[in-house]
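These protein sequences, in sequence, are chains A and B.
Reminder that position 96 of the first sequence reads as 96 in this note's numbering, one-by-one numbering, no gaps.
Reminder that position 326 of the second sequence reads as 326 in this note's numbering, one-by-one numbering, no gaps.
Some hints could be false.
In the DSS-like style, the derived pairs of lysine-lysine whose C-alpha atoms are separated by at most 30 Å in a straight line are [claimed, not checked]: (1) A:K197 <-> B:K310; (2) B:K107 <-> A:K197; (3) B:K345 <-> B:K226; (4) B:K314 <-> A:K196; (5) B:K200 <-> B:K345.
Honestly, the hints are just simulated from the structure, not real lab data.
These numbers come from a predicted model, not from an experiment.
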Amino acid sequence: MKIVVCVKQVPDTAEVRINPETNTLMRDGVPSIINPYDLHAVEAGLQLREMAGGEVTTVTMGPPQAELALRETISLGVDKAVLLTDRLFAGSDTWATAYALYKAIAHIGADIIICGKQAIDGDTAQVGPEIAEFLDIPHIAYIRKIVEVTADRIVVQRLMDDGYDIVESTLPVLLTVVRELNVPRLPSLKGKMAAKKADILKLTAADLKVEEQDLGLKGSPTQVRNIFAPEAKTNRTMLHGTPEEMVNKLVADLQESKCL
Amino acid sequence: MDYFLTEEQVMIRDLARQIAEEKIVPVRAELDETGEFPWDIMKTLAQSDLFGLFIPEEYGGLGKGSLELAIAVEELSRACLGVSTTFAANALGTYPLLLFGTDAQKKKFLPDIAAGKRLVAFGLTEANAGSDAGGTQTTAKLEGNEYVINGTKQWITNGGEAEIYTIIAITDRSKGPRGASAFVVEKGTPGFTFGKKENKMGIRASATTELIFDNCRVPKENLIGKEGTGFLVAMKTLDHSRTGVGSQGVGVAQGAFDEAVKFARQRVQFGHPVITFQAVQHMLADMATSIEAARALVYAVSRLVDSGAKDVSKESAMAKVFATDVAMKVTVDAVQVMGGSGYMKEYPVEKMMRDAKILQIYEGTNQIQRNVIGQALIKEAARNK
């Protein structure tokens, strides 16, 4: 079974700084980590390999230093890693990112593709499902448990607001995973040693045979016009009186505002 | 201080530290309270390959030495001495096989040990044989192709939890210390059971039990080394393990020191953080200096052991005695620096202080270590005359 896990290197801080001119992330000086949800995706890939055999490949698109994130996945036990890196990819929105990843995954081949449910920097949760659309395969988002997997089908539990769905799909399929799915393992020493020596396959836009207009800022239908902190608006009302009076007033206010 | 560790040694330190911080620190207080055996952590250590550190590559290990083991044990000890005792006692129990085992014994046991699939324990101590190993009463009698073992071992770390036991028993009482032999006994062997689990002052996450042998029959192939070399096996094993106990001392001392510094920076009295007071600074300065000296000695002796030096009894005893005395003093002082807070279970230093005490007692009391050093000094002086 060929398992591909998409990972993203993200800044390890809540205090993300934005370049005011381009409205893109300023990564310099900010330590990078693997997007935490993607660690659950990697763990899912490794557990699927333990269940069904095969190999796990991690894929990321990013600047050359994203190679470190891929090496980290190898230290966890991943077999191969692929880095999409090219100046032409810079500035991609989720569409252009998913398009490039789709080309790479089509190039590698995959039975199961796993993504974290979203990245902690952009929080869009779009790239995974978009890759599935480009590949024209089914996807199941927010999976919390892998129930069963065979050579041509998979059964999973999908997390919902009020419980979970049991979903069955044919392969190939793309899954996006939530934290409840598993506890990501820590690296092993043998894995760390292998990670140091591993060859990371690097693919450029030319290797993927994609056109410049489909990539980066040019290939992105969405462009960030402005990034700003929303104004904090809080309307506070202090209630006074006896507890009974205050409760009655609170209930009346809530009813008036249709909260009750 | 920079100890010029190799890239791999730094990797080992960082991984052990990550496991300690992410998996051990969050549960150490609970493990101390309940005395539950830390199987989850053992599984993590197994998955990380740390059980295979000192086991040759041909048996599935990483082929590293005492220094790498010391580095890993130090990091685990910084978080919890109970967990690190479990881990280090596994190495202690493995050394007889590693140093004296036949190829067949190594092939049979070492791969599972390296993978962390089976835990090991070492059984030397008995009710009447603590510091005086010569008081051993457990016997092993050859009958046909089997040894029949009878007797009771006590205070055995990993007892009941381990699946492989390396033990010392008397095969010929008439020969005194030369009448002891070492054996490997597997859990589940008929006639081999476990007594009560001890309720200890510290290292409560580690399991300590009696091993009871009642006409326990093991195949002749389970003899480690030759008949009569049991005490040699035990002494060489302890020579190798003492640096590990020393590194436990360095680790727990460092852990307590880190807590004390953190607290002293935050705690305000008389309008200033207490770390600005000279009385506190001097305590911290002495703690830091002694930890660094202990670490330097433990690393130096570990490197000596790894060099293949023939006799390391004196130096390994020095590392054990010095680093564990430092551990006791530093953990007591950490509680003192933290005052009433240090005495409370909300902070980890009272546990570290209780835990540290065992280091001066087990694997040869610090008084016995000084005997070992003293005997070596006498021998050296006689040789140099």
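So, going through the hints one by one against the coordinates:
1. A:K197 <-> B:K310: Status violated; Cα separation ~36 Å.
2. B:K107 <-> A:K197: 29 Å, holds
3. B:K345 <-> B:K226: The given pair, whose Cα atoms are some 49 Å apart, is violated under the 30 Å limit.
4. B:K314 <-> A:K196: Since the Cα atoms of K314 of chain B and K196 of chain A sit roughly 39 Å apart, the hinted pair is violated (cutoff 30 Å).
5. B:K200 <-> B:K345: 16 Å, holds
The structure fails to meet hints 1, 3 and 4 from the earlier list, while all remaining hints are met.
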